[in-house]
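Assemble chains B, C and D onto chain A, guided by the hints.
Below are the chains, spelled out letter by letter.
There are 4 protein chains.
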Amino acid sequence: MAMTGVLRPGHIQMKVLDLAESIDFYANVIGLQDMGRDAQGRAYFKAWDERDHHSVILRQADTAGIDFFAFKVDSDATLARLEKDLNAYGVATRRIPAGELLETGERVRFTLPTGHDIELYAHKTSVGNGMSDVNPEAWTPAAEKGIAPIRLDHCLLYGPDIEKAQAIFTDVLGFYLVEHIQLEDGKTDLAIWLSASIKAHDIAFVRHPEPGKLHHVSFLLESWEKVLRAADIMSMNRVSIDIGPTRHGVTRGTTIYAFDPNGNRFETFCGGYQCYPDQKPIKWTMDEVGAAVFYHDRKLNDRFLSVVS
Amino acid sequence: MAMTGVLRPGHIQMKVLDLAESIDFYANVIGLQDMGRDAQGRAYFKAWDERDHHSVILRQADTAGIDFFAFKVDSDATLARLEKDLNAYGVATRRIPAGELLETGERVRFTLPTGHDIELYAHKTSVGNGMSDVNPEAWTPAAEKGIAPIRLDHCLLYGPDIEKAQAIFTDVLGFYLVEHIQLEDGKTDLAIWLSASIKAHDIAFVRHPEPGKLHHVSFLLESWEKVLRAADIMSMNRVSIDIGPTRHGVTRGTTIYAFDPNGNRFETFCGGYQCYPDQKPIKWTMDEVGAAVFYHDRKLNDRFLSVVS
Amino acid sequence: MAMTGVLRPGHIQMKVLDLAESIDFYANVIGLQDMGRDAQGRAYFKAWDERDHHSVILRQADTAGIDFFAFKVDSDATLARLEKDLNAYGVATRRIPAGELLETGERVRFTLPTGHDIELYAHKTSVGNGMSDVNPEAWTPAAEKGIAPIRLDHCLLYGPDIEKAQAIFTDVLGFYLVEHIQLEDGKTDLAIWLSASIKAHDIAFVRHPEPGKLHHVSFLLESWEKVLRAADIMSMNRVSIDIGPTRHGVTRGTTIYAFDPNGNRFETFCGGYQCYPDQKPIKWTMDEVGAAVFYHDRKLNDRFLSVVS
Amino acid sequence: MAMTGVLRPGHIQMKVLDLAESIDFYANVIGLQDMGRDAQGRAYFKAWDERDHHSVILRQADTAGIDFFAFKVDSDATLARLEKDLNAYGVATRRIPAGELLETGERVRFTLPTGHDIELYAHKTSVGNGMSDVNPEAWTPAAEKGIAPIRLDHCLLYGPDIEKAQAIFTDVLGFYLVEHIQLEDGKTDLAIWLSASIKAHDIAFVRHPEPGKLHHVSFLLESWEKVLRAADIMSMNRVSIDIGPTRHGVTRGTTIYAFDPNGNRFETFCGGYQCYPDQKPIKWTMDEVGAAVFYHDRKLNDRFLSVVS
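Residue numbers (this note's numbering), protein chains in the order written: chain A, 4 to 312; chain B, 4 to 312; chain C, 4 to 312; chain D, 4 to 312.
Next up, chain A with everything else stripped away, as it sits in the complex:
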């Protein structure tokens, strides 16, 4: 297979301070589809054009932040192989039984040197995107309920030892480096963007002293005009916008960063070039770190390197 092994970001479990308020926010402002609760009370959501049962799980907790981020792989065989490869690489894994998340098969979980829990899984029930598999229309009314992203796109995680996380993703899981920001020493990276596909990133990391932090979870929009619409809807709902609409230098994607009611940052993202593993990674230097992150302003805002959840 050409597109094999790890397929895509499959789900994120996030911690929220007020579950009811957060459910309202993710359902009605972000415009994800409410897919129900499990016995623990966790709330499940999917983006309208995703076909698997869910991609976002919210858990009531005392602090905001991320519990884990997961990738779907193409088969049980791949799951077993990657588990073995991770172990051989010195990464401990454990199996989470099927059904621990609704409609989801067995998951292989491991902790990155950055302090983040990552999961792999091969099965999640396909519930469809609300359109027939036969002679479908181009979109459904769900595509205009709230911001209505198409998909969970990626996340940006903050923690130490990002080069060790990179090694696991590239040496074991088949990702490749697409872009990176190099510190003044000319060798250490401040930030890395990694892809398992032809998307400009499926996951990204920024070096940070505290482990296990979430900078943002990103949702995919179809066009720059949908980015404007997202900003309008944020304003109408008094969402706290961090920055945007603007463009990233890295990936060239257009973006808004904003905060959910718990202080978890999310992104509504569009575009990003198609890339392939035979492409030389793009390097950004610290004198242009501003343009790397916020291409129009060419300077970071205070929050980019400091505010995480």
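Careful, some of the hints might be misleading.
The list cannot tell twin chains apart, which means a pair is met if one copy fits it or any two copies do.
Quick list of in silico lysine-lysine cross-link-like pairs, DSBU-like style, CA-CA up to 35 angstroms [to be verified]: (1) K286 - K148; (2) K18 - K302; (3) K190 - K87; (4) K216 - K302; (5) K283 - K148; (6) K87 - K283; (7) K302 - K148.
These aren't lab readings, by the way, just hints derived from the structure by calculation. A quick note: this is a predicted structure, and the numbers were derived from the prediction, not measured.
Coordinates of chains B, C and D only, in the frame set by chain A:
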């Protein structure tokens, strides 16, 4: 690797009736970058954001049409493996020596049951996209010279025995079926769309009695507004538009079909959803074939099934 | 006043063959707001961003077509002055009493040499656009219900003696000629586009043997992406599209022509340049009439000159 | 005439600190067309789709800022009438002879209570927009040289006594109030937006202790995607962006504010609703002044009320 084996459409060689006129057209109307001529007089072009040396080759001939369509693979090892797998599958291959195309390594060529020559290759000189690999800008003036597509995206080929071509792509080369149009018999396909990546298609076929025919070569644009700009530029240059701007039902992409001065149809295409191999293929039935191809009009024009080169 | 006298197209009354079906179509597909019925059973609609009570009136009849098209003027004084000026110009007028149309003041009606009834009026109840006059949001959910045009924009009428209609509009009502298509004789116009404001047209005429015909009523959209969305919604609702999405050469606006269930053509239109009365009119000649109307295809379809209601 | 008297903003003369640098900036970054120099050394520019000879004049000076802002009127008779009306209203005027500005007729100049010089004129040579008046194309290559605005759109001026300026514009010149921001006292306005046409504003004022200040001159773009392109070009040219891309609450237009090399703020603006003089003005209150100006962030940045030239 997650993105492995066959990476992407790498080049198409097309036959043109008047090379000088065609060079002018592809350089100034389509807005590809002229990458020079070889000893045979063939003309080489690349889209502005492609990094490899070329993606379109024009050859002076007595008829229009396609000579071959090629995919880049990720390594020499993959090239050797796929060659062996093709042979084991009963597909004869032959090696074209490195350098036969400018800046291109050895190619493995085989003929599909549809009558088309397909090539695989692992090496082509990276010449970059005109922007630095360090702290690049978001785009260059080349992005606005002519229609200025970002990339060669895919091609649609017409010929017999498309199910046999499909088998080679899916069983040997790692592609998967994304969408198909089924004939009234409920089992035979009129058309198939195949992906090697997360693009909605990297190659497609329509069943047709004559072998080896080209319906269109497709170039990728960034937005629906760029599709409008492409249509405007076509009008300014008196390009014969077949249909569009419109949307396809298949892939949901937006599109214009038009003809180069030789009668080769080309497409300026935008969008198409992201898809993955775990997604159930979408099926279209003949009563909705119109909507499958031209979503807005919901009917085929006379030329779609009859005019090929 | 700089913007004085005739302000804008205020309403159109159209004949429909099946009122219930037409109400459903204009409310749910076009996405106009249902403003109620009068004692005669006529159905009233407004576009979401219009503030006056209605702009479209549907009347059950045995044939499709237009009853009258009306312009709002800035005051009773203007209404009286224009009535007097029309009479002095040889145009007979009659007063329709206030309240004959819901929430509408007295109207001055006259018949053009083209056979169309035109009305002027100074008063219609302002019902607002659904947003507060104090600290409003940028748009409301009504902006995404159906195609949801912003406004009634203009209409294109077919009939004889268009130069006489032009004279009334320019000599008496303060309109100016923006563009015209001249017949091969180099003096007679096939078509004229007239503005009372800085819009590229508020009304237009095509020379046609039958009097009193409606080519299309046009609704304003905000962007080319909204034009795509309109085409998608037309497809989802199996609306018969005449042509588009495309661009007009005249006005440069982007457009779709489609038919309501009665065979009345309507347009979803975006853009058109800003123009002013000091601008020399643009002339199109018959060898480029195709580009004048359908800029991309540069040829008329069969229906443009023949299908009217 | 429906569109009569004052037609539109016709020109602005701005002071620049380094004329050569500024000429390069307005020609190559903003993308205005260089229309030559006069005997005083002033540099003249027009936007590509404007037909009159120029709309921007740059004058070398020791400080940045505005010399005067001018409106074109429809005739000599109007010019004479408005001059007389201004005088009758207590506004002193003086005539600037024809030819003092290149290709421009006699101008009537007066000083507003806000300290700004405003001019009216009836004649400026029409040089066309680079396209034929017969069978034109939809746009020219000039539409893609630099940011390439279509037109000078409006300006926002800072000074005292804005209600007195408003009175002159509405009582004498035929403008009407479209939106205003009211101070906490519920009667005094902080800011007013005035239109002479159906544009959401042709000129605007903010109350400010220092007279004669320029907040920004605004150039019209065609689409939100062109706003993105403008931001990209600003970044590529290291233009200092004040804010944007974003949307205004007032007018709903999309926008970028940025600074020319002299510190004169300019805007690249798109949209704004169509309005008419019969529309009730929209009022903003000080608790929502943030949303009025920057709709997405819903808060002013430090510079909006303090940085002027």
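Status of the hints after comparison with the structure:
1. Only between protomers do K286 and K148 lie at most 35 angstroms apart by alpha-carbon distance; the minimum there is 27 angstroms, versus 38 angstroms within a single protomer.
2. For the identical chains of this complex, K18 and K302 are neighbours both inside a copy (30 angstroms) and across copies (29 angstroms), given an alpha-carbon limit of 35 angstroms.
3. Only within a single protomer do K190 and K87 lie at most 35 angstroms apart by alpha-carbon distance; the minimum there is 31 angstroms, versus 41 angstroms between protomers.
4. Taking identical chains as interchangeable, the C-alpha atoms of K216 and K302 lie at most 35 angstroms apart whether they share a chain (23 angstroms) or sit on different chains (28 angstroms).
5. For a Cα distance limit of 35 angstroms, the shortest separation of K283 from K148 across copies, 25 angstroms, qualifies, whereas the shortest one inside one copy, 39 angstroms, does not.
6. Proximity of K87 and K283 under a CA criterion of 35 angstroms is satisfied in both settings, with 29 angstroms inside one chain copy and 29 angstroms between copies.
7. Within a single copy, K302 and K148 get their C-alpha atoms as close as 34 angstroms, and across copies as close as 26 angstroms, so both meet the 35 angstroms cut-off.
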